[in-house]
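Engineer: Can you make the complete structure from the sequences, with help from the hints?
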Amino acid sequence: MSDLLIIMKQELMVIVIIFFLLFVKLGKGMKNETLLPLIQILLLLQFIAGFFFNQTGQLFGDMFYTNGLIAFEKAILSFGVYLISLLSSDWLKQSKHMPEYFMLMLAALLGMDLLISSGNLLMFYLALELATIPIAAMANFDLEKKQSSEGAMKFILSAAFSSGILLFGISLIYGITGTISFAALSHQAVNSTLLILAFVFFFTAFGFKMSIVPFHLWTADVYQGSPIATTSFLSVISKGSVAFIFITILYKVFGQSETVWYWMLVVLSVATMLIGNLFALRQQNIKRFLAFSSIAQVGFILVAISGGYVVATSAVVYFILIYIFSNLAVFGVAEVITNATGRETINDYKGLYRTNPFLSWIMALAMFSLAGIPPTAGFFGKLMLLTAGSNSGNFWFILIAGLNMVISLYYYLIVVRAIFMDKNENPIAPIKISVMAKYGMILCAAGIILVGLIGKIYEYIQSLI
Amino acid sequence: MNLLLIIIIPFLTILFVLFSKTKEQVRWVSLVGSVTQLCISFTLLFLFNQERAAGNSVQMLFESNYKLFNSPNVNFHFGVDGISVAMILLTSFVLTAGVLVSWNIGNKEDKGPGLTKEFYFQLLFLAFGAYGFFISLDLFILFFFLEISVIPKYLLIGVWGSGKKEYSANKLALMLMGGSALILVGILVLYFNAGHTFDIIQLSQMQFSSQIQKIVFPLIFIGFGVFTALFPFHTWVPDGHSSAPTAGSMFLAGISMKLGGYGCIRVATYLLPEGAKEYANIIIVLSTIGILYGAFVTMMQKDLKYLNAYSSVSHVGFTLLGIGMLTQTAITGAMIQMVSHGVMTALFFAVIGMIYQRTHTRQINEMGGLMKVMPFIMTSFFIVGFCSLGLPGLSGFVAEMTVFVGSWENNDAFHRIATIAACMSIVVTAVYILRTIDKVAMGPILNHEFLKITDVKWNEKFAVILLIGGILAIGLVPEWLTNLLRPAAEIIMNRIKGN
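Residue numbers (this note's numbering), protein chains in the order written: chain A, 1 to 465; chain B, 1 to 499.
Since the hints were made in silico from the structure, they are not lab data.
This one's a predicted model, so the numbers in the text were calculated from it and none came from an experiment.
There's no promise every hint is true.
As the list claims (entries may be wrong) - Each computed EDC-like pair below joins lysine to aspartate or glutamate, with the alpha-carbon atoms no more than 16 angstroms apart:
id, chain 1, residue 1, chain 2, residue 2
1, B, Lys164, A, Asp422
2, A, Lys25, A, Glu100
3, B, Lys67, A, Glu459
4, B, Lys67, B, Asp199
5, A, Lys432, A, Asp90
6, A, Lys93, A, Glu150
7, A, Lys423, B, Glu166
8, B, Lys214, B, Glu278
9, B, Lys302, B, Glu366
Structural biologist: Given below as structure tokens:
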């Protein structure tokens with residue numbers, strides 16, 4: 001029993017928060033102004049809990065297993081949720097259904113935690129569904145907006161479709177090998193044609209979840225339609241968790257058949273980077289822009305994944321940590337501006353520096369971090385990804401990735417240019433930023449500057465593997 | 001001397017600037033900071049010479065090492081040799097002059113966007129990156145400091161620039177980033193082939209297979225070549241330099257282009273001697289084209305800033321030519337040219353900035369007789385012009401002469417022809433410089449508005465005197481510089497010769 005409490009502490013704490021919210025909702029209810037800080041404190045506690053009493057262990061047969069690395073990955077995700085709760089506090093406070101929103105978000109987080117910890121295909125599938133379905137409801141949360149419902153509809157359809165493919169892949173795998181346990185599967189080489197087919201189906205489902213080209217088509221519409229809090233959750237937390245489990249599955253479960261999937265990964269990675277970048281060039285809406293930029297970023301993550309388990313894990317975990325700071329900073333600024341003025345295209349940001357220097361610097365810092373320019377952490381993150389990828393000796397691939405960094409710089413600079421250089425007759429008026437959002441942005445900025453320069457963080461991640 | 005001082009002082013200056021309240025405070029903090037850096041650079045030079053005189057012949061002096069990452073193996077490994085010391089000195093000269101020249105940014109008469117604090121922040125940040133670059137002995141950290149300058153360059157040109165500034169800023173950032181991408185791949189290949197080390201000293205003791213050298217050398221050389229205006233990757237130079245604000249152009253042409261030259265010598269040629277030998281002829285051809293093309297295009301320019309930007313392409317070509325010639329004298333000449341051109345071009349841009357501020361035009365045709373209204377500025381214009389065309393006694397002569405003498409040491413027809421062709425550019429340089437000086441300084445005053453012009457202010461005077469001092473110091477007593485650079489060139493030559 002005590003084993004259960006310690007091994008599943010992060011999941012259990014999420015469940016406790018969900019139940020707490022449920023009781024609040026069923027009981028007298030609380031004002032959003034008092035409830036929100038309470039939730040934030042609970043989330044922070046849950047995040048901190050990820051650093052104590054970590055041990056390697058298994059539960060429910062081989063359904064659920066955990067170790068220090070997995071606990072750290074979960075902590076990163078929890079921290080992301082905490083940041084979102086800070087950055088979106090204005091929007092959340094106005095919402096009539098804030099407890100429900102948090103319940104949905106935490107349910108999805110619970111699903112992701114279980115996903116990372118899953119030890120067999122059944123658990124994996126269930127956790128993935130738990131991590132997906134609440135997001136559809138979250139996407140639909142701007143109840144007055146048609147676009148929001150449209151986004152949710154697209155999301156649920158594509159999610160259902162990809163689950164179908166995934167289930168098909170899983171059943172084929174079970175049919176051929178007779179097992180669904182990761183440990184048992186790891187001894188099976190993917191050699192028969194049928195098993196390769198099954199693996200491709202499996203891979204496709206990941207493609208949908210991480211929006212790898214050519215399975216990325218849902219991304220932009222869903223990002224644009226959803227409320228920004230949901231979009232940011234979808235783009236960093238959800239993607240991060242799937243990336244974590246993706247590495248584990250590729251190397252721990254299908255590790256023996258690296259020859260089968262290595263080139264698959266390379267081709268998809270190049271396509272993802274290129275298409276994400278090229279489409280991002282022409283976007284005007286900041287959310288669509290970030291959708292394509294995040295597709296391109298996934299391409300870079302795939303570069304690292306191709307490099308081998310140990311280097312890939314450390315580089316990807318490190319990158320996701322940095323990515324959470326950078327991307328959430330952009331979403332935070334966009335959220336504040338959209339909330340205050342309802343404007344969300346890049347053209348609206350013209351001349352922002354004159355009126356809102358604080359927001360402008362945060363945005364610029366985040367953009368440079370996403371583009372991978374030092375001294376921001378994004379530079380170190382990108383370099384770690386490329387270094388991990390070049391471990392396999394395929395330097396042409398790294399060269400392509402490097403040139404893609406140049407393309408991506410172009411569109412990140414478009415935003416910086418709009419903010420600092422372009423003139424605007426009707427710039428966004430000075431915005432009063434609430435304390436919580438400001439605190440969240442400062443946290444992000446601190447993360448962007450410090451995570452790269454403090455080498456100990458990367459060493460800590462490496463020590464966990 | 002602890003080399004951390006060289007990057008900590010700029011960093012502290014940046015912090016102090018950020019926390020300054022008024023514009024006046026920002027300016028003085030920047031000035032005090034940059035003068036402190038100047039003093040430290042002189043101290044470094046002094047201590048360096050003292051150590052060498054005492055017989056300490058270790059390749060790198062004042063080494064220090066701080067770990068950043070374990071795997072990949074990245075260290076803040078700092079150390080200096082003669083080139084680094086010279087470049088650090090150059091950086092502090094240009095920075096101090098740049099701070100002085102930008103004194104009126106944010107004043108009433110300044111028509112730009114103002115934002116004094118932001119401007120100085122970017123300028124100091126640029127210098128911070130350059131200092132870090134010149135003392136790094138770890139390729140990862142070197143790359144880090146090289147890339148750091150992208151943000152300030154982009155913003156300096158885009159926000160405080162003139163003309164088609166957004167276009168120029170974008171072009172510059174993207175082209176330099178493209179160069180960096182090539183460098184990045186190159187250093188990753190080296191890292192994995194050398195058994196996981198980024199350390200330049202360790203890498204220099206290894207022999208890479210000639211196949212690897214043949215692949216990696218062009219990557220790294222072209223990558224750094226983009227920074228140093230290697231033909232045909234020079235196209236960002238004219239636009240970038242002419243759109244940037246005065247201090248920005250001074251820094252871009254004076255320091256940022258030298259980052260590339262330094263990288264070509266220190267990383268490409270030094271670490272990959274086989275590759276350098278393999279591609280030397282191509283480098284010579286490209287740099288000769290760059291020198292001649294730059295000189296001829298300069299003849300056609302009507303805008304003073306474009307004039308100096310294209311002439312920079314031509315002059316920096318001598319650095320690359322010197323590297324391509326692969327003799328000790330030529331490489332020493334290349335290094336002298338980096339320092340000399342750095343000071344000279346900074347002064348050139350500073351003077352152009354001053355002229356522009358007073359006449360509000362950069363078109364050569366619209367000027368005339370300025371000698372009568374601003375004698376001090378025009379005298380400096382004469383000096384820098386003569387330095388550019390290689391008058392003996394000024395720094396340009398020493399540098400270019402050394403390159404030519406070094407090139408002549410190769411006694412086959414190809415090298416001789418290339419040398420002669422490059423020499424021809426001096427004639428062209430003389431034509432455009434003399435013609436420009438004639439049109440700008442001499443003759444009747446074309447515009448009666450010009451009669452109201454006042455000569456230099458104190459800050460501009462200091463900046464000009466500082467840089468002219470640099471030019472004369474190299475031109476009249478070049479021994480101190482050649483003695484500093486020759487041992488460094490010798491080490492590189494030894495590696496090329498293979499012992």
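Engineer: All the hints need checking, so say for each whether the structure fits it.
Structural biologist: Do the hints match the structure? See the list:
1. Pair hint lysine 164 (chain B) plus aspartate 422 (chain A) holds up; C-alpha atoms about 12 angstroms apart against a cutoff of 16 angstroms.
2. With a CA separation close to 8 angstroms, the supplied pair lysine 25 (chain A) and glutamate 100 (chain A) stays within the 16 angstroms bound.
3. For the proposed pair lysine 67 (chain B) and glutamate 459 (chain A), the alpha carbon gap of about 11 angstroms is at most 16 angstroms, so the pair holds.
4. For the hint linking lysine 67 (chain B) to aspartate 199 (chain B), the alpha-carbon distance of about 12 angstroms falls within 16 angstroms, and the restraint holds.
5. With a C-alpha separation of about 11 angstroms, the suggested pair lysine 432 (chain A) and aspartate 90 (chain A) falls inside the 16 angstroms cut-off, and the hint holds.
6. For the hint pairing lysine 93 (chain A) with glutamate 150 (chain A), the CA-to-CA distance comes to about 24 angstroms; that exceeds 16 angstroms, so the pair is violated.
7. About 12 angstroms separates the Cα atoms of lysine 423 (chain A) and glutamate 166 (chain B), which keeps this hinted pair within 16 angstroms; it holds.
8. Straight-line distance between C-alpha atoms of lysine 214 (chain B) and glutamate 278 (chain B) comes to about 7 angstroms, which keeps the hinted pair within the 16 angstroms bound.
9. Taking the CA atoms of lysine 302 (chain B) and glutamate 366 (chain B), the gap is near 10 angstroms; set against the 16 angstroms cutoff, the hint holds.
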